[in-house]
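**Q** Given the sequences, and given the hints that come with them, work out the whole structure.
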Amino acid sequence: MDQYWTGASGVVVLFKGKDFCIKRVKRVIGGRLLCIDVEWHQLKFRIINVYCPPDLNERLEVLKEIQPLLVCGSDVILGGDFNCLMDKKDRMTVATVRLDSSSEMLNNLIKDFKLNDTFRYKNPNTPGYTWSNGTISSRIDFLLTTKNILVSDAAVTPVFSVTIQKLTAQ
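Taking our numbering, I'd label the letters of the sequence shown as residues 26 to 195.
Bear in mind the hints are in silico, worked out from the structure with no lab data behind them. Because the structure is a prediction, the values reported are computed rather than measured. Hints may be right or wrong, so weigh each one.
Said to hold, decoys possible - What follows is a list of derived Cβ distance ranges for each label pair:
(1) PHE138 x LEU68: 16 to 24 Å
(2) LYS89 x ARG49: 15 to 23 Å
(3) ASN173 x ASN133: 32 to 40 Å
(4) SER177 x MET117: 24 to 32 Å
(5) PRO93 x MET117: 32 to 40 Å
(6) ALA120 x VAL38: 18 to 26 Å
(7) ASP100 x ILE54: 16 to 24 Å
As the list claims (entries may be wrong) - Derived DSBU-like pairs (lysine-lysine); straight-line CA-CA distance at most 35 Å:
(8) LYS51 x LYS69
(9) LYS147 x LYS114
(10) LYS113 x LYS51
(11) LYS43 x LYS114
(12) LYS136 x LYS43
(13) LYS51 x LYS41
(14) LYS89 x LYS43
(15) LYS69 x LYS41
Even for Gly, the Cβ is constructed at its ideal location relative to N, Cα and C.
**A** What follows is the structure in structure tokens.
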């Protein structure tokens with residue numbers, strides 16, 4: 026399969042079934058940050074989908090916008106491409122791995138709001154790399170939830186591209 030990059034970015038949330046009632050959609054940063062309040066079988070929760078740019082300063086701006094969205098009185102599912110590591114073990118490379126300020130900001134959000142890293146919780150000894158360029162592999166895509174959301178399984182599986190993997194949780 027041929028690959029190309031259009032320079033476009035975007036986030037999307039898809040719902041399967043008719044049991045979801047979408048209460049509110051907020052496009053916080055176009056193409057970067059989407060917040061949806063949902064009811065499902067009388068349960069209320071918030072879905073936040075994020076695409077953080079590769080540029081550190083732009084990534085920090087997106088991460089700053091997430092914190093107020095987490096203060097909502099509902100359980101939260103926060104997921105997407107964060108373009109940063111949570112931990113040094115999230116990268117396979119021969120070079121020295123350093124965590125930048127966006128990694129620190131992400132880890133603080135996780136700690137402050139008691140978010141659960143669904144993949145790491147279910148797969149503590151599996152690398153779970155979600156991106157690779159053939160030389161370096163990294164886990165930069167995360168699905169984080171508040172503690173009340175129970176996850177029975179989480180996996181990383183190949184998709185259309187050699188460089189990108191799909192992260193799922195049930």
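**Q** Check each numbered hint from earlier against the structure, then list the numbers of those it violates in ascending order.
**A** Hints 3, 6 and 11 are the ones this structure does not satisfy, whereas the remaining hints hold.
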